[in-house]
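There are 2 protein chains.
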Amino acid sequence: MISQTEQVRAMTDGTNTQFDAIEALTGKPIAAYSVSTLDDVAAACAAADAAFDAYRATDAEARATFLEAIGEEIVALGDALLQTAHRESGLPLARLTGERGRTVGQLKLFADVVRAGLWRQVRLDSALPDRAPLPRSDLRMRMIPLGPVAVFGASNFPLAFSTAGGDTAAAFAAGCPVVVKGHPAHPGTDAMVAGAIRAAAARTGMPDGVFGHVRGPSNDLGTALVQDPRIAAVGFTGSRRGGLALVQLAQGRPVPIPVYAEMSSINPVVLMPAALAARGAALGTAFVGSLTMGSGQFCTNPGLVLAIEGEGFDAFVDSAVAAMTGHDPQPMLTGGIREAFATGTAALAANPAVTQVAAGLEGDGIAREMARLFTTDASAFLADAALGEEVFGASSLVIRCRDLDEVKQVLRSLEGQLTATIQLDADDHAAAAELVPLLERKVGRILVNGWPTGVEVSHAMVHGGPFPATSDGRSTSVGSLAIDRFLRPVCYQDLPASLLPADVRDGAAGPKLVDGTPA
Amino acid sequence: MISQTEQVRAMTDGTNTQFDAIEALTGKPIAAYSVSTLDDVAAACAAADAAFDAYRATDAEARATFLEAIGEEIVALGDALLQTAHRESGLPLARLTGERGRTVGQLKLFADVVRAGLWRQVRLDSALPDRAPLPRSDLRMRMIPLGPVAVFGASNFPLAFSTAGGDTAAAFAAGCPVVVKGHPAHPGTDAMVAGAIRAAAARTGMPDGVFGHVRGPSNDLGTALVQDPRIAAVGFTGSRRGGLALVQLAQGRPVPIPVYAEMSSINPVVLMPAALAARGAALGTAFVGSLTMGSGQFCTNPGLVLAIEGEGFDAFVDSAVAAMTGHDPQPMLTGGIREAFATGTAALAANPAVTQVAAGLEGDGIAREMARLFTTDASAFLADAALGEEVFGASSLVIRCRDLDEVKQVLRSLEGQLTATIQLDADDHAAAAELVPLLERKVGRILVNGWPTGVEVSHAMVHGGPFPATSDGRSTSVGSLAIDRFLRPVCYQDLPASLLPADVRDGAAGPKLVDGTPA
Numbered sequence: 081m082i083s084q085t086e087q088v089r090a091m092t093d094g095t096n097t098q099f100d101a102i103e104a105l106t107g108k109p110i111a112a113y114s115v116s117t118l119d120d121v122a123a124a125c126a127a128a129d130a131a132f133d134a135y136r137a138t139d140a141e142a143r144a145t146f147l148e149a150i151g152e153e154i155v156a157l158g159d160a161l162l163q164t165a166h167r168e169s170g171l172p173l174a175r176l177t178g179e180r181g182r183t184v185g186q187l188k189l190f191a192d193v194v195r196a197g198l199w200r201q202v203r204l205d206s207a208l209p210d211r212a213p214l215p216r217s218d219l220r221m222r223m224i225p226l227g228p229v230a231v232f233g234a235s236n237f238p239l240a241f242s243t244a245g246g247d248t249a250a251a252f253a254a255g256c257p258v259v260v261k262g263h264p265a266h267p268g269t270d271a272m273v274a275g276a277i278r279a280a281a282a283r284t285g286m287p288d289g290v291f292g293h294v295r296g297p298s299n300d301l302g303t304a305l306v307q308d309p310r311i312a313a314v315g316f317t318g319s320r321r322g323g324l325a326l327v328q329l330a331q332g333r334p335v336p337i338p339v340y341a342e343m344s345s346i347n348p349v350v351l352m353p354a355a356l357a358a359r360g361a362a363l364g365t366a367f368v369g370s371l372t373m374g375s376g377q378f379c380t381n382p383g384l385v386l387a388i389e390g391e392g393f394d395a396f397v398d399s400a401v402a403a404m405t406g407h408d409p410q411p412m413l414t415g416g417i418r419e420a421f422a423t424g425t426a427a428l429a430a431n432p433a434v435t436q437v438a439a440g441l442e443g444d445g446i447a448r449e450m451a452r453l454f455t456t457d458a459s460a461f462l463a464d465a466a467l468g469e470e471v472f473g474a475s476s477l478v479i480r481c482r483d484l485d486e487v488k489q490v491l492r493s494l495e496g497q498l499t500a501t502i503q504l505d506a507d508d509h510a511a512a513a514e515l516v517p518l519l520e521r522k523v524g525r526i527l528v529n530g531w532p533t534g535v536e537v538s539h540a541m542v543h544g545g546p547f548p549a550t551s552d553g554r555s556t557s558v559g560s561l562a563i564d565r566f567l568r569p570v571c572y573q574d575l576p577a578s579l580l581p582a583d584v585r586d587g588a589a590g591p592k593l594v595d596g597t598p599a
Numbered sequence: 081m082i083s084q085t086e087q088v089r090a091m092t093d094g095t096n097t098q099f100d101a102i103e104a105l106t107g108k109p110i111a112a113y114s115v116s117t118l119d120d121v122a123a124a125c126a127a128a129d130a131a132f133d134a135y136r137a138t139d140a141e142a143r144a145t146f147l148e149a150i151g152e153e154i155v156a157l158g159d160a161l162l163q164t165a166h167r168e169s170g171l172p173l174a175r176l177t178g179e180r181g182r183t184v185g186q187l188k189l190f191a192d193v194v195r196a197g198l199w200r201q202v203r204l205d206s207a208l209p210d211r212a213p214l215p216r217s218d219l220r221m222r223m224i225p226l227g228p229v230a231v232f233g234a235s236n237f238p239l240a241f242s243t244a245g246g247d248t249a250a251a252f253a254a255g256c257p258v259v260v261k262g263h264p265a266h267p268g269t270d271a272m273v274a275g276a277i278r279a280a281a282a283r284t285g286m287p288d289g290v291f292g293h294v295r296g297p298s299n300d301l302g303t304a305l306v307q308d309p310r311i312a313a314v315g316f317t318g319s320r321r322g323g324l325a326l327v328q329l330a331q332g333r334p335v336p337i338p339v340y341a342e343m344s345s346i347n348p349v350v351l352m353p354a355a356l357a358a359r360g361a362a363l364g365t366a367f368v369g370s371l372t373m374g375s376g377q378f379c380t381n382p383g384l385v386l387a388i389e390g391e392g393f394d395a396f397v398d399s400a401v402a403a404m405t406g407h408d409p410q411p412m413l414t415g416g417i418r419e420a421f422a423t424g425t426a427a428l429a430a431n432p433a434v435t436q437v438a439a440g441l442e443g444d445g446i447a448r449e450m451a452r453l454f455t456t457d458a459s460a461f462l463a464d465a466a467l468g469e470e471v472f473g474a475s476s477l478v479i480r481c482r483d484l485d486e487v488k489q490v491l492r493s494l495e496g497q498l499t500a501t502i503q504l505d506a507d508d509h510a511a512a513a514e515l516v517p518l519l520e521r522k523v524g525r526i527l528v529n530g531w532p533t534g535v536e537v538s539h540a541m542v543h544g545g546p547f548p549a550t551s552d553g554r555s556t557s558v559g560s561l562a563i564d565r566f567l568r569p570v571c572y573q574d575l576p577a578s579l580l581p582a583d584v585r586d587g588a589a590g591p592k593l594v595d596g597t598p599a
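As you go down the protein sequences, you meet chains B and V in turn.
Those letters in the first sequence? Residues 81 to 599, per the working numbering, in order.
Those letters in the second sequence? Residues 81 to 599, per the working numbering, in order.
Be aware that one or more of the hints could be misleading.
It does not matter which identical chain is meant; a pair holds if it fits inside one copy or across any two.
Capping the alpha-carbon separation at 25 Å, the derived lysine to aspartate or glutamate pairs in DMTMM-like fashion look like this [said to hold, decoys possible]:
no.: 1; residue 1: K108; residue 2: D394
no.: 2; residue 1: K488; residue 2: D129
no.: 3; residue 1: K188; residue 2: D583
no.: 4; residue 1: K488; residue 2: E391
no.: 5; residue 1: K188; residue 2: D595
no.: 6; residue 1: K188; residue 2: D210
no.: 7; residue 1: K488; residue 2: E389
no.: 8; residue 1: K108; residue 2: E514
To be clear, the hints were calculated from the coordinates, so they are not data collected in a lab.
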């Protein structure tokens, strides 16, 4: 992914009071938007902090209703939202329609999660007044929200991972007010969705300040937001450089705070020998389909393919080359992303150990960029760490391996990843069983006989992974488990009933552990 | 708490190949112990890494049996272990007997946790092959261990929070090999317990390298341990300076890793007006009992008391003064801790805004140190951040507040704490209800009508809290929830049964969420 600065570097010199939305397909300005000031950041954080106690005290039904209302308000924006997102991102309307469904579905999922109440992790340990040598107190535990959360959206999901996207939904569900730094690549979309959240908050009686919003192309706003002492956690999806910069800011605060940054992944795909022999050509076609979808602008795009030389290998490469050769170039999200893609693919093409085996049709020099396919061998890959760096877009590198040991060696050499995929047939199971423990240590999600693009929003999903796929591999940014990122435990010892939070009182509804046993 | 360096600064210049165990009560050497080398650190980390896949593949019963066997081997060390710990720490035998029970109980608790299997957090989302527009894959999630964990024990719990203490037990339970940096203040105790762990590992057939152990007085060993690329997480209990140094090392690695450091807390106690009026004198006596127990060398020692001037206030102070005045000085753990206590209390005594109202009997200049009690008022406390710093040992500061608003102001000014305590009677409930939400944002555990010393090892316990009480307020270092610190989620998408880990196969025993519902 690409930093926000790169995406908007042509828009403003940072001192302007306005910045332009850019039409992705033409590179021309659409409309001007006001730039937030540092005072706006401080005011949003102060309001979020002031709202925190009232918001976290809302009951499950009220909070769930708020989440659902955000979805309703987004749907009520109708086609105008899709048209705006389409102009700003260049993403097709059909894709954006699906993404809107995912966004609304995600809000609904978190509403269900809030109602079900497992996230509170209530634990009750009974008092043992007669225990010797010492009695045991009455102990009750629950999770409480961390505090106001700063959310930085992603350019590649202007709806599902931006203003009212996964991080915002999870933080609201946890009971945290949210201050969004709107993504400057889609300010019109951002403004409309921010309005939807405000309308939902007003309609459902949420406290003022539960949602704050600032925007602008300069990094200064984001810096001030992360450094504000009232912010308790950060959610971010974007470039490795951008994510690491936020981590450093958060760690340098007098009171450090957690940053959940989803940053960088090349998502290795392993083609096992029997699968390759049985369906090499079909794999090649399907691979290019996954690689080029949405101009390859997915965090889980298959940027690396490992295959053992042998039967089916040439058929795989030939069919991938054929599929890519006539491929129509697709628009990219921003000029900055397009330029970074051009630079990254040019560096691969210039690498003497790498062969460019296919390219799509020429781009238009404005928005559309041609897809690229490269090959190298395992020893060259192992010798050059640059070959393992993400090129965001429809570019992939096929690594020719001599045997399974070389596949393992390459996999072991990789940094942390969001996903790894194994294409296999029945005869590959024994060998693939050796890869699973190795991949568990490298990635957040292992797939068989699929392609990594397409992330289900559900309970068992993990969209996360060891560093640098994310800054905190102990979590996921997609799926219901994402709520855990914004919680921490508190224990109540011997509190009289009137002082106990309702969640942990005797007879409170909801799941709990009583003396360690689910009840 | 005090850094390891300070504790042992008289022992060695860092280039020695041996260092001495020091008898706490006399300051004299007991026995010499070999110093580990940097090669020893690397070898232990390599062995831990090599053992990781085999150890994490052990089933619940095998891993639980290993944990229980450690406890059995510790008990089998008999009185010799208690005698050694007593000589090295100066802690009374009765206390150490209790602490041994806690240590063994803690290992047993984690054995039960491993068997119960909730920690795996298994989630299964059913495939929906006929869903439109896109089918849903079969998704299965479980928690896996992070990898080898480095554990730095605490000097003040030579058994329960050292070599086979809470961090070690939780990491082993999670499936992580452990490399312990033995605490140099109790090397004999450390060596015996390390031997017990090795014996248990051998007896229960655990892989070589599941437990590694290095020791020595220099910080270089700890630095190398945290920087070793094979270490995946760090558990630490000790000083703020020491903890922050480890956090910085861990964040500066090419691949940053989580550090769970339990560091610094002054554990405010609020005396509400009705309680003070009804039983001020009794509270004063009980307070000094909690403050001076074990020479005040507890992470949860009540270092700060907030009380509203009024009926009972003078009775509280008078009885606390009376209780402390004749108090026998107790031995401290190390010369370094004793010196830091003397420095910290001298600084308080010299502060013009602070009055020393009581002191225990004189110390012996070697190990025993007199307890101290100070008073100040809220405005002075709010004006001088130094008054909120921890003085590790039997020293506390009583803050005279004008009203409940001033109590709140002081509480809001505090850094993150492990605990907060409210002493209240029925007439205080309404006012105390205003304090609970405020305290939730500051601490990991809220107590009513007790004293913070004494931490139950159970399911609902939280021994944690916002920075700087710990470096990661999202967790606890005591109780069964502590296992979560060493886990991360992995999702398996469409894996054939033969490739799935046993935990997530169809029909696997154990608790799980199926499509979001407990099953």
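Right, here's what the structure says about each hint:
For the homomeric pair K108 and D394, neither the shortest alpha-carbon distance inside one copy (43 Å) nor that between copies (76 Å) is at most 25 Å. In this homomeric assembly, K488 and D129 come within 25 Å of each other (Cα to Cα) only across copies, at 16 Å, whereas the closest approach inside a single copy is 49 Å. In this assembly of identical chains, K188 and D583 lie within 25 Å of each other by CA distance solely inside one copy; the values are 22 Å within and 29 Å between copies. For the homomeric pair K488 and E391, the shortest alpha-carbon distance inside one copy (20 Å) is at most 25 Å, but the shortest distance between copies (74 Å) is not.
For the identical chains of this complex, K188 and D595 are inter-copy neighbours only, at 15 Å across copies versus 32 Å inside a copy, given an alpha-carbon limit of 25 Å. For a Cα distance limit of 25 Å, the shortest separation of K188 from D210 across copies, 21 Å, qualifies, whereas the shortest one inside one copy, 47 Å, does not. With identical chains, the CA atoms of K488 and E389 are at most 25 Å apart within one copy only, with a shortest distance of 14 Å there and 70 Å across copies. Proximity of K108 and E514 under a CA criterion of 25 Å is satisfied in neither setting, with 52 Å inside one chain copy and 55 Å between copies.
Of the numbered hints given earlier, the model fails hints 1, 8; all others are met.
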